[in-house]
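J.: Using the sequences plus the hints, can you model the full thing?
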Amino acid sequence: MSKIYIVGLGPGDPQALTLRGLKTLRRVKHVYVRTGRHPGLKILDRHRINYKTLDRFYEKSGSFEQTYRKIAFFIVNAAHINKEVVYAVPGSPMFAEKTVELILKKARAAGIQCKVLPSPSFVDAVAAEIAPLSGEELIVLDALEQDKLQDYPDRHILVIQAYNRQAASRVKLALSGLYPDNHPVTAIRGAGLPSGKRIVTVPLYKMDRLPFIDHLTTFYLPPVFAHGPAALLHVMDRLRGEDGCPWDREQDHKTLRPYLLEEAYEVLGAIDSSSMDDLCEELGDLLLQVVFHSQIARENGNFTFYDVVNGITEKLLRRHPHVFDSPVVKTADEVISTWQIIKKGEKKKKANTMFTLENYLPALLRAQKLQRQASSVGFDWPDAKGAWDKLAEELKELKDAYKQQVQARIEEELGDLLFSIVNVARFLQVDAEQALARSTAKFYQRLCYVEERAVEEGGGMAGQTLSKLDEWWEEAKNKG
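Residue numbers for the sequence shown, in the working numbering: 1 to 480.
If you are wondering where the hints come from, they were derived from the structure by calculation, not from laboratory data. Be aware that one or more of the hints could be misleading.
Distance ranges between label pairs, derived from CB positions [stated by the list, open to error]: (1) N310 with G177: 24 to 30 Å; (2) M276 with P184: 38 to 44 Å; (3) V455 with Q404: 42 to 48 Å; (4) P184 with Y360: 48 to 54 Å; (5) F443 with H322: 56 to 62 Å; (6) V455 with K315: 49 to 55 Å; (7) L447 with D272: 26 to 32 Å; (8) G196 with W247: 31 to 37 Å; (9) R249 with Y360: 23 to 29 Å; (10) L418 with L447: 31 to 37 Å; (11) V406 with G458: 41 to 47 Å; (12) L317 with N50: 55 to 61 Å; (13) N77 with G378: 55 to 61 Å; (14) E397 with L316: 41 to 47 Å.
As a list, the in silico BS3-like pairs of lysine-lysine whose alpha-carbon atoms are at most 30 Å apart [claimed, not checked]: (15) K83 with K29; (16) K197 with K52; (17) K105 with K315; (18) K70 with K148; (19) K105 with K115; (20) K197 with K23; (21) K3 with K105; (22) K105 with K23.
No experiment lies behind these values; they were computed from the predicted model shown. Ideal placement from N, C-alpha and C gives every residue a C-beta, glycine not left out.
T.: Take a look at the structure:
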């Protein structure tokens, strides 16, 4: 059976190579190293070990991902031909080595045996240089995966693969959206080497100006935020614990219901006020409700906060195949149509119907949603004229009911009229709930103005004539 020995060369000091690794390198005839740009190779030269570097794949490939795949294919193929090969990599093979991950996968599929001989990783060497972090958890991020660089602002992070000033500049740009310009960044070059080591701390905006940046350089960033999602979960767990807050411990899903609704409306209020500070705070309060309910569910053995996050993430992936899969859509309408089709497939209804009526929603929102569902299958007016005509018809029927003075019919016809108004709003592309909320707020502001004017005149609103109140109302309208 063919066999691949995967040997770690350590962070750079030739003495970091293990005795077992050295013996394997000396014994096996066919030795390949991922890159010749590593000081740990000096010990191979010292022992006159013949090896071939794979740097040529970096020079000929269009991307690192392509390079890693080609190297993995080459090593597995070499094992087929030569029966026994060594693949040596900087640091530890099982840490931040994409080629090793690919080789293990391909070798397993091909029935080739793999033996990993680890050495100390570069993280061990770097952590030793920033000793005050002893006991703190370090997150290692690849500079080539820029979409992940902002994922851990509440953690200590190490950024690897920023192998030159251009790569460091790309890292800086990716981090600058979350980290302030003056956030400290420590560059550690040659950690674990007997000589040539450099450790410099600079502000983030200067991290790409260091002249010594190369493939042996790692960047360390301390947290930019004191607390992250995990801290919030710990706080809630503590509040619900035996020695926690009595009020928090007494709550359940039903007692928290009004607070969830209140916080949701306060978020809407912050949006309407255009205050980003208020919006940030109110979103935090709403998030607290999510965490609170998740904590209660976890205690009852139902689900956890991570189930909530995982569920919504999977739903987004599933409902956006045009982004994360092969189907292509060109317009927002096509996106909505695809979304609805997928959503219908997910819902398991007791009744054999494609429509839903969520009684927990406010009536206006419920009406809007049901009308959209009917429209999606073609049950709709061809244009706004039909909606306008229906509105006029319902208004006439309400007037007729009023003349008859039958209260039950008046209520029914008034409901039909309101439903028709919502339908007109839909054709006009106006959110009926939002429109009514804004009109109510406008009425409130004008009413407050009238009250102020009445107080100035003395006696309050009750002591004023209707014509006077109308006069002040017009003043309020003119003020906007």
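J.: Hint by hint, say whether it matches the structure.
T.: Now the hints, each set against the structure:
A hinted range of 24 to 30 Å holds for the C-beta pair N310 and G177, which are about 25 Å apart. Take M276 and P184: their Cβ atoms lie about 27 Å apart, and the range 38 to 44 Å is violated. About 44 Å separates the C-beta atoms of V455 and Q404, a value consistent with the hinted range of 42 to 48 Å. Roughly 49 Å separates the CB atoms of P184 and Y360, a value that falls within the hinted 48 to 54 Å.
For the pair F443 and H322, the beta carbons lie near 43 Å from each other, so the given range of 56 to 62 Å is not met. Range check, V455 to K315: Cβ separation about 54 Å, and the 49 to 55 Å hint holds. A beta carbon spacing of about 18 Å between L447 and D272 contradicts the range 26 to 32 Å that was offered as a hint. At about 60 Å, the beta-carbon gap between G196 and W247 misses the expected band of 31 to 37 Å.
Checking the proposed 23 to 29 Å range against R249 and Y360 shows it holds: the Cβ atoms sit about 27 Å from each other. Between L418 and L447 the C-beta distance comes to about 23 Å, which lies outside the given range of 31 to 37 Å. At about 46 Å, the beta-carbon gap between V406 and G458 stays in the expected band of 41 to 47 Å. Between L317 and N50 the CB atoms are about 48 Å apart, so this pair departs from the stated range of 55 to 61 Å.
Separation of N77 from G378 is about 58 Å and conforms to the stated range, judged on CB atoms against 55 to 61 Å. For E397 and L316, the hinted distance range of 41 to 47 Å is satisfied, since their beta carbons lie about 44 Å from each other. Distance hint between K83 and K29 is fulfilled; the C-alpha atoms sit about 10 Å from each other, no more than 30 Å. With a C-alpha separation of about 27 Å, the suggested pairing of K197 with K52 holds against the 30 Å cut-off.
With a C-alpha separation of about 29 Å, the suggested pairing of K105 with K315 holds against the 30 Å cut-off. A distance of roughly 24 Å separates the Cα atoms of K70 and K148; the hinted pair therefore holds under the 30 Å criterion. With a C-alpha separation of about 13 Å, the suggested pair K105 and K115 falls inside the 30 Å cut-off, and the hint holds. Pair hint K197 plus K23 holds up; C-alpha atoms about 28 Å apart against a cutoff of 30 Å.
Of the supplied pair hints, the one linking K3 and K105 holds, its CA atoms being roughly 14 Å apart against a limit of 30 Å. Restraint check for K105 and K23: satisfied, since their Cα atoms lie roughly 26 Å apart, inside the 30 Å limit.
Consistency note: the structure conflicts with the earlier hints numbered 2, 5, 7, 8, 10 and 12.
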